[in-house]
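Engineer: Could you build the full structure based on these sequences and the hints that come with them?
If you read the protein sequences in the order shown, they are chains A and B.
The first sequence begins at 1 in our numbering and counts up one residue at a time.
The second sequence begins at 453 in our numbering and counts up one residue at a time.
Be a bit skeptical, because a hint or two may be false.
[Said to hold, decoys possible] Below, in silico cross-link-like pairs of lysine to any residue (SDA-like), each with a Cα-Cα straight-line distance of 20 Å or less: (1) B:K773 - A:G187; (2) B:K774 - A:G191; (3) B:K773 - A:S188; (4) B:K774 - A:R166; (5) B:K705 - A:S176; (6) B:K773 - A:G191; (7) A:K309 - A:R243; (8) B:K705 - A:E177; (9) B:K773 - A:G189; (10) B:K705 - A:R173; (11) B:K774 - A:S188; (12) B:K773 - A:P169; (13) B:K774 - A:P169; (14) B:K774 - A:M275; (15) B:K773 - A:R193; (16) B:K774 - B:V696; (17) B:K705 - A:R51; (18) A:K21 - A:R51; (19) B:K774 - A:G189; (20) B:K774 - B:Y753; (21) A:K415 - A:A271; (22) B:K705 - A:E200; (23) B:K705 - A:R178; (24) A:K361 - A:E347; (25) B:K552 - B:M534.
Hints are computed from structural coordinates only; laboratory data are not their basis.
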Amino acid sequence: MATKVVMEALSPTMEEGRLVKWLKNEGDQVKNGETLAEVETDKAIMELVARGEGVLRKRLLPENEAAPVGQLIAVIAPPDENIDALISGAGGASAAPSAAPPPPADVVAKANETAGASPVPRTGAQAQGETSTPPQEKVTSTPPATPASRPAAAAPAPSGNGGRTRSSPLARRMASERGLDLQAVQGSGPGGRIIKRDIEAAVAAAPSAQQAAPVPGSLFPVPEGPDFRDAPLTQIRKTIARRLSESIGPIPTFYLTAEFDMERVAEMRTAMAAMGDEYKVSFNDIVLKAVATALSQHPEVNAHWLGDKIRYFNRVHIGMAVAIEDGLITPVIFDADRKRMSEISREARELAKRARERKLKPEEYTGSTFSVSNLGMFGIDQFTAIINPPEVGILAVGALEEKPVVVDGQLTQRKRMRVTMSCDHRVVDGALGARFLQTLRRLIENPLMLVY
Amino acid sequence: MPVITYRDALNQALREEMQRDDRVFLMGEEVAVYQGAYKVSKGLLQEFGEMRVVDTPITELGFAGVGVGAAMVGLRPVIEFMTWNFALLALDQVVNAAAKMLYMSGGQYNIPMVFRGPNGAALQLSAQHSQAWESWLAHIPGLKVVTPGTPYDAKGLLKSAIRDDNPVIVLEGEMLYNTKGEVPDDEEVIIPIGKAELKREGSHASIITHGKMILVALQAADQLAKEGINVDVVDLRTVRPMDVDAITSTVRKTNRAVVLEEGWEIAGIGAQVVDFVQRECFDDLDAPVVRVHQADVPMPYAKNLERAAKPDVAKTIAAVKKVMYIE
Numbered sequence: 001m002a003t004k005v006v007m008e009a010l011s012p013t014m015e016e017g018r019l020v021k022w023l024k025n026e027g028d029q030v031k032n033g034e035t036l037a038e039v040e041t042d043k044a045i046m047e048l049v050a051r052g053e054g055v056l057r058k059r060l061l062p063e064n065e066a067a068p069v070g071q072l073i074a075v076i077a078p079p080d081e082n083i084d085a086l087i088s089g090a091g092g093a094s095a096a097p098s099a100a101p102p103p104p105a106d107v108v109a110k111a112n113e114t115a116g117a118s119p120v121p122r123t124g125a126q127a128q129g130e131t132s133t134p135p136q137e138k139v140t141s142t143p144p145a146t147p148a149s150r151p152a153a154a155a156p157a158p159s160g161n162g163g164r165t166r167s168s169p170l171a172r173r174m175a176s177e178r179g180l181d182l183q184a185v186q187g188s189g190p191g192g193r194i195i196k197r198d199i200e201a202a203v204a205a206a207p208s209a210q211q212a213a214p215v216p217g218s219l220f221p222v223p224e225g226p227d228f229r230d231a232p233l234t235q236i237r238k239t240i241a242r243r244l245s246e247s248i249g250p251i252p253t254f255y256l257t258a259e260f261d262m263e264r265v266a267e268m269r270t271a272m273a274a275m276g277d278e279y280k281v282s283f284n285d286i287v288l289k290a291v292a293t294a295l296s297q298h299p300e301v302n303a304h305w306l307g308d309k310i311r312y313f314n315r316v317h318i319g320m321a322v323a324i325e326d327g328l329i330t331p332v333i334f335d336a337d338r339k340r341m342s343e344i345s346r347e348a349r350e351l352a353k354r355a356r357e358r359k360l361k362p363e364e365y366t367g368s369t370f371s372v373s374n375l376g377m378f379g380i381d382q383f384t385a386i387i388n389p390p391e392v393g394i395l396a397v398g399a400l401e402e403k404p405v406v407v408d409g410q411l412t413q414r415k416r417m418r419v420t421m422s423c424d425h426r427v428v429d430g431a432l433g434a435r436f437l438q439t440l441r442r443l444i445e446n447p448l449m450l451v452y
Numbered sequence: 453m454p455v456i457t458y459r460d461a462l463n464q465a466l467r468e469e470m471q472r473d474d475r476v477f478l479m480g481e482e483v484a485v486y487q488g489a490y491k492v493s494k495g496l497l498q499e500f501g502e503m504r505v506v507d508t509p510i511t512e513l514g515f516a517g518v519g520v521g522a523a524m525v526g527l528r529p530v531i532e533f534m535t536w537n538f539a540l541l542a543l544d545q546v547v548n549a550a551a552k553m554l555y556m557s558g559g560q561y562n563i564p565m566v567f568r569g570p571n572g573a574a575l576q577l578s579a580q581h582s583q584a585w586e587s588w589l590a591h592i593p594g595l596k597v598v599t600p601g602t603p604y605d606a607k608g609l610l611k612s613a614i615r616d617d618n619p620v621i622v623l624e625g626e627m628l629y630n631t632k633g634e635v636p637d638d639e640e641v642i643i644p645i646g647k648a649e650l651k652r653e654g655s656h657a658s659i660i661t662h663g664k665m666i667l668v669a670l671q672a673a674d675q676l677a678k679e680g681i682n683v684d685v686v687d688l689r690t691v692r693p694m695d696v697d698a699i700t701s702t703v704r705k706t707n708r709a710v711v712l713e714e715g716w717e718i719a720g721i722g723a724q725v726v727d728f729v730q731r732e733c734f735d736d737l738d739a740p741v742v743r744v745h746q747a748d749v750p751m752p753y754a755k756n757l758e759r760a761a762k763p764d765v766a767k768t769i770a771a772v773k774k775v776m777y778i779e
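Structural biologist: The structure is reproduced here in structure tokens:
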């Protein structure tokens with residue numbers, strides 16, 4: 001009688017597993033309980049064991065490919081039994097019964113052991129390895145071992161420790177206590193080892209929450225509670241991150257462009273200016289205010305990619321790209337969502353001025369959670385900006401221009417502005433980015449909402 | 453406070469304990485008429501007589517065994533080895549008799565005795581007479597091993613050793629006998645066995661050491677201080693049982709450790725210290741622990757080679773800089 005080998009839930013939270021290595025070839029005799037393959041779960045590399053006896057007749061999942069829990073990945077059967085029907089019935093995840101066999105007790109125990117034996121640095125090291133090795137190299141080094149029934153769009157194995165970040169145990173402890181991403185720290189010890197002094201330097205360079213916190217005269221006080229929430233990476237998030245990074249470089253970026261109607265913004269701005277000089281604001285100030293407000297409504301975009309987790313911020317700190325003589329710098333408007341338009345305007349002007357004079361302090365240009373770049377003043381219609389990691393998005397703002405537009409069936413002349421959002425696909429999916437831009441459109445096209 | 457030599461500090465300890473308890477007696481080669489090969493027992497024969505200060509033939513195994521027997525019937529012998537190099541011949545009595553008697557007699561015979569003498573290298577005594585044995589002795593369950601590095605510690609630890617109801621090894625040093633230090637004469641000096649002492653306080657790194665190497669560590673610390681590097685110098689004082697709390701507290705403070713010892717590297721005392729450090733302080737370490745020890749060779753006779761083989765101030769300073777990532 002044939003035995004179906006399915007992707008088992010080898011950890012309590014596993015949704016899919018990546019087949020690291022087959023340990024049995026097609027045609028091999030296998031016994032009940034023998035190890036068939038190594039499977040990477042969301043936690044560790046585990047052994048998948050045979051639940052029946054016979055010959056491993058067919059392997060359906062190539063090495064390095066992932067399969068959802070429950071999917072048929074191999075068939076064990078007597079040498080002469082016809083298994084065609086079994087194989088042809090093996091579709092994707094949908095074809096598999098949703099009730100996957102629960103992991104047997106010994107497997108769970110082993111999982112705990114394995115996880116215990118490879119503590120914290122493992123995930124970080126892996127992420128680093130993956131982003132630092134050229135994709136071609138990996139594809140050639142890990143060819144699909146088996147011609148499979150499915151196209152082998154092989155997700156490469158994590159590279160060895162070539163790109164491993166070395167750090168002293170103390171440095172790791174300090175980083176985790178301070179919520180610091182080790183991957184972002186430059187090590188000064190032998191072989192680039194990150195040591196205590198590097199952590200201290202990184203902590204000193206980062207703006208402290210206290211510095212950014214109280215905004216005198218701010219309308220909205222900073223709420224109680226932590227400034228951010230760390231979300232562990234789900235298996236799917238990991239897979240998306242890994243695959244897309246290979247496709248397009250360390251940050252798999254995609255771009256969303258939208259054209260906003262600026263008539264009402266222009267009216268508002270003119271009306272404000274008419275009230276007196278102190279009410280004058282720039283288009284950019286209004287955009288900054290709108291972006292900040294939109295971010296506060298879409299915290300999923302207001303995040304950092306930290307390699308082994310995503311940090312979602314509960315506060316909105318907007319980096320504002322400013323061109324300076326020999327480059328650019330992004331001073332930060334902290335808690336921009338809690339500031340009045342006038343405050344944003346004044347701060348933006350002040351920061352830009354001091355940026356050009358090169359008088360910014362480090363804490364004034366670090367710590368942003370999202371960035372905005374505006375080349376409208378140079379007459380650029382639209383452009384794509386480069387994400388400033390570990391942020392996961394940046395909004396490129398083009399020039400405001402008069403354009404013929406069809407409104408209510410009538411061709412008419414309107415003030416329009418194009419924005420393009422660059423999104424880190426590891427965190428921001430297309431629909432999410434689109435929803436953010438929808439909100440931004442609603443705010444900019446109805447600017448009274450900004451003063452609500 | 454009087455400044456006296458290490459030799460006189462040991463002499464005071466012996467005299468005071470022999471005065472205090474008439475079960476205490478001293479036995480060994482040249483301890484009586486000659487007043488001790490290093491004059492540690494000066495005046496004791498005159499004061500206590502030949503029943504309590506006993507010259508022996510050149511028979512280390514024999515007089516060590518006599519000592520064990522005396523201890524079994526209630527005396528408190530202090531056995532002097534002219535050097536610990538000669539004590540190799542007596543190891544069967546030390547390891548198989550003294551250390552195990554309490555255990556193997558089912559608790560009937562404890563062995564309240566002391567084996568003492570100079571340990572480690574002096575100057576140009578060559579390969580057979582320049583050996584530091586503390587890791588051998590500390591290896592044995594049933595023994596306690598103390599390694600005084602200063603006159604004060606010599607007096608306090610020898611007195612504790614004599615009062616201890618179990619066999620205690622006291623490792624002295626030829627090069628230490630003439631060193632001087634303050635030892636109070638108006639109070640009883642007793643140093644508990646198993647407790648380390650922070651001999652110097654710093655914050656940048658820890659030098660963990662014992663015995664004669666205390667002097668090397670303190671000199672290294674002085675020189676490092678001139679460069680603005682301040683180190684903890686932890687004197688283990690007792691290498692068995694080892695003061696793990698003292699080790700962990702210094703490493704948790706400085707995050708960097710150098711372990712300095714006189715003897716060889718493999719299975720040395722430093723290896724045990726490093727084991728405690730990695731076990732108890734893994735998350736506190738900012739650098740791998742570095743050990744300083746004798747070169748892995750029989751001690752050369754030639755002066756220049758002997759100097760090169762011994763752990764010294766320069767090697768200790770280099771080790772401290774290494775754990776601090778200073779090139």
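Engineer: List in ascending order the numbers of the hints, as given earlier, that are violated by the structure.
Structural biologist: 14, 16, 17, 20, 25
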